[in-house]
Amino acid sequence: MRSLHQFHGGIHPPSHKAQSTLLGIAPVPLPAKLIVPFHQHAGEAAKPVVQVGSRVLKGQIIGLPDGHISSAVHAPTSGTVSAIGMHPVAHPSGLPNLCATLIPDGREQWEQHRRFDYRTRNASELQQQLRLAGIVGLGGAAFPSDIKLRIGRRQVDTLILNAAECEPYITCDDMLIRERAAEIVKGAEMLRFIVDAREVLIGIEDNKPEAIAAMQRAVKDEGMPFEVVTIPTIYPGGGAKQLIRVLTGLEVPSGTLPPDIGVQSFNVATTYSVYRALAHGEPLLSRIVTVTGNVRQARNYEALIGTPIDELVALGEALPDTNGYIMGGPMMGLPLPEVRVPVVKATNCVIAASEKLFPLQFPAMPCIRCTRCVEVCPAELQPQDLYWFSRAREFGKAQAFSLFDCIECGACSYVCPSHIPLVQYFRFAKSEIHAREKDKQAADSARERHEYHTFRIEREKREKAEKLAAKEKAAFAAKSGTAETQPQHVPSDLEKSREHIREIAQSAVEHTEEGAPK
Amino acid sequence: MLSALLVMAAVAVVLGAVLGFAAIKFRTEGNPLVDKIDAILPQTQCGQCSYPGCKPYATAIAAGEAEINRCPPGGEEGIQKLADLLGVDFKPFGDDTAAPKPKSVAYIDENTCIGCTLCIQACPVDAISGASKQMHTIIAAECTGCELCVPPCPVDCISMVAIGEQITNWKWKYPAYALSPSSRTVDGRVSQ
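Protein sequence lines correspond, in order, to chains A and B. For the record, in the first sequence the residue sitting at position 309 is 309 according to the numbering used here, with numbers rising by one throughout. For the record, in the second sequence the residue sitting at position 35 is 35 according to the numbering used here, with numbers rising by one throughout.
Calculated directly from the structure, the hints in this document are not laboratory data. Quick reminder that beta carbons are idealized off the backbone N, C-alpha and C, glycines included. Heads up, a few of these hints could be off.
Cβ-Cβ distance ranges computed for the label pairs, FRET-style [claimed, not checked]: (1) A:64 to B:112: 31 to 37 Å; (2) B:112 to A:128: 56 to 62 Å; (3) A:440 to B:32: 16 to 22 Å; (4) B:170 to A:255: 21 to 27 Å.
Distance condition first, Cα-Cα at most 25 Å in a straight line; then the derived BS3-like pairs of lysine-lysine [said to hold, decoys possible]: (5) A:438 to B:103; (6) B:171 to A:438; (7) A:440 to B:103; (8) B:36 to B:81; (9) B:25 to B:103; (10) A:461 to A:473; (11) B:173 to A:440; (12) B:55 to B:101; (13) B:101 to A:397; (14) B:36 to A:440; (15) B:81 to A:438; (16) A:397 to B:173; (17) A:464 to B:133; (18) B:133 to A:438; (19) A:438 to B:36; (20) B:55 to A:397; (21) B:171 to A:47; (22) B:173 to A:430; (23) B:55 to B:36; (24) A:461 to B:133; (25) B:81 to B:171; (26) B:173 to B:81; (27) A:397 to B:133; (28) A:440 to B:133; (29) B:55 to A:438; (30) A:33 to A:47; (31) A:430 to A:440; (32) B:55 to B:81.
In isolation and in its complexed conformation, chain A is listed as follows (with noise of 0.2 Å):
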């Protein structure tokens, strides 16, 4: 038996999990039409391959990973593209965003993908693989998997399947693990493969007593030396960096990684993901979502990336009183900004919203400094301080106060007595201090160019007026007797370009007067 550690903190939330777990995981019926935004993951957007009209087959890539920290967006089925254009998204700002809307002919073609043996291939190849099939983690960050994977300034030692699943309401890993524990177990030897660690551990809450049951049968009957660990029911114990304490001891110092102290963890949804597109080549083109909170009947689906939410909520039959929905769970997740938008990669639950079960919240109060976030706050923060500089916009001090390791997990607002939004404070103390520093290398290379430009004038300048010297020497010697090496005057290329200007600015008519050149 394994001895477990402590992380700081925590909070115990009613867990809400039940309702959604009487029912096991269902197909939503193909959608009318589906909607893929471009940008599912962390990072760059994927770029756009397809165009309208184009017909396309399920498993297609349709946008293409675009810089460094990206990942390939794909056709979750056969069909035409109806349109390429901005549409509403899961996105806290309510804004568009470019998607591609995909029309499905129900025919559901599979585009040609084999099954292959993952160990006769390099970790790298593994890699890339990953990229294209799109597999990013899917307990909410949506971080490219394949990034993950690279090799570090050091050895992965443990590698951590993280189905802890901590938050409130959301049962998708919980069903997720009751059937398809062997995928899952699969999915791990591969990613244990790629990265050559020497120990698996996967780490589930004790509230979910069947989801450890079938791992640890499925580890068993696959007879992996994995360890299947039961971990204490603390919010958030799902945190990546958290469950790495939990489980190993070992705490992930600020301003770095986990697999620079030898770690690295996945989701298990992720882990099956893994698992479909390395062993059968299948991209990543659905996930399980649950559905819950004021519905008639609370269930997981398997939806297709794309699908609009409102057809899934149809199927949970929200009730009457629904006066929103959330994606994610209530503490981390965002109230959607209209209920059509899209499911994508990172959509693990979808809340119907209610008065009953999210009563008004009082108005915020002054603090009164009890300190019960540093309480609970499990990054060992002073949310109270830097509460304090957010709303001051003293934002060199939250930084200093270490700002950036808040994981905005909401356990000081839930437990704020003056019902203070602290987390909404850190957000934005966050976003401004990235549009700061985006703004400084936009400068930064502002500046760059324009000393480069001058540079180049006087550079043109310099050369200009050393040709003229040289011509006139040429001229001179020319005029004191040797006659024959007269030089004609041959226009340089900055002559001819001036008179191109000043043809062309004559021929424009109507501007002639104010904008001719002089």
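Using the hints provided, position chain B relative to the given structure of chain A.
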């Protein structure tokens, strides 16, 4: 007496040598204050401050020849930063400076462009690509929005387009408090 004089002289020589060495070794090229000021300026190179670029304006500020409130693209935040750096009072924009505008990039109407290259010569950051009698286009990622390319265009085909709020540059807003319990707070969905 003599030995004391010699000791003092020797100490003086050694210290002098150290100082002399330090003066050469740690010599600062140029005025470091100019670089600090230049780092605050937004590098649009627009010349709205009446100086031909950000560096000349920074030099003028460092020399005490220019006010700190001459840079509209830097906004009031820029003035505040300059005031903090130089230890002077914040000074709002005067009536003679243009009002700060939202960030925008130049856009060339490619149907109208005659390929005269005048805008290319005007661009301080080489953000326009094109050649004589060839269509020109703006490299939007490098455009600082200085508007210097607009006046030279003989056919008025360049316009400034505000970037506006997009998903790529969207920022979380300063949290808004609900004033009464009947209106929902921004974070008012924590399960009870």
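Between residue 173 of chain B and residue 430 of chain A, is the straight-line Cα distance small enough, at 25 Å or below?
11 Å, holds
Straight-line Cα separation of residue 173 of chain B and residue 81 of chain B no greater than 25 Å?
Roughly 22 Å separates the two Cα atoms, so the pair holds.
Would the pair residue 55 of chain B and residue 81 of chain B pass a check requiring their Cα atoms to be no farther apart than 25 Å?
16 Å, holds
Is the distance from the Cβ of residue 64 of chain A to the Cβ of residue 112 of chain B consistent with 31 to 37 Å?
34 Å, holds
Given the hint that residue 55 of chain B pairs with residue 36 of chain B, test it: the Cα-Cα distance must not exceed 25 Å.
Judged against 25 Å, a Cα distance of about 10 Å means the pair holds.
Restraint check for residue 171 of chain B with residue 438 of chain A, where alpha carbons must lie at most 25 Å apart
The given pair, whose Cα atoms are some 12 Å apart, holds under the 25 Å limit.
Verify the proposed pairing of residue 101 of chain B with residue 397 of chain A, using a straight-line Cα cut of 25 Å.
Answer violated: residue 101 of chain B to residue 397 of chain A is near 29 Å, above 25 Å.
For the pair supplied as a hint, residue 438 of chain A and residue 103 of chain B, is the alpha-carbon distance within the 25 Å limit?
Distance of about 14 Å is within 25 Å: holds.
For residue 438 of chain A and residue 36 of chain B, compute the direct alpha-carbon distance and say whether it is at most 25 Å.
18 Å, holds
Would the hint linking residue 464 of chain A and residue 133 of chain B be met if the CA-CA limit is 25 Å?
Holds - the C-alpha atoms of residue 133 of chain B and residue 464 of chain A are around 23 Å apart, at most 25 Å.
Holds or violated: residue 440 of chain A with residue 103 of chain B, Cα cutoff 25 Å?
Roughly 14 Å between the alpha carbons, so the hint for residue 440 of chain A and residue 103 of chain B holds.
Pairwise hint evaluation, residue 133 of chain B against residue 440 of chain A, where the allowed Cα distance is 25 Å at most:
Violated - the C-alpha atoms of residue 133 of chain B and residue 440 of chain A are around 36 Å apart, more than 25 Å.
The structure is inconsistent with the numbered hints 2, 9, 13, 18, 20, 27 and 28, although it conforms to all the rest.
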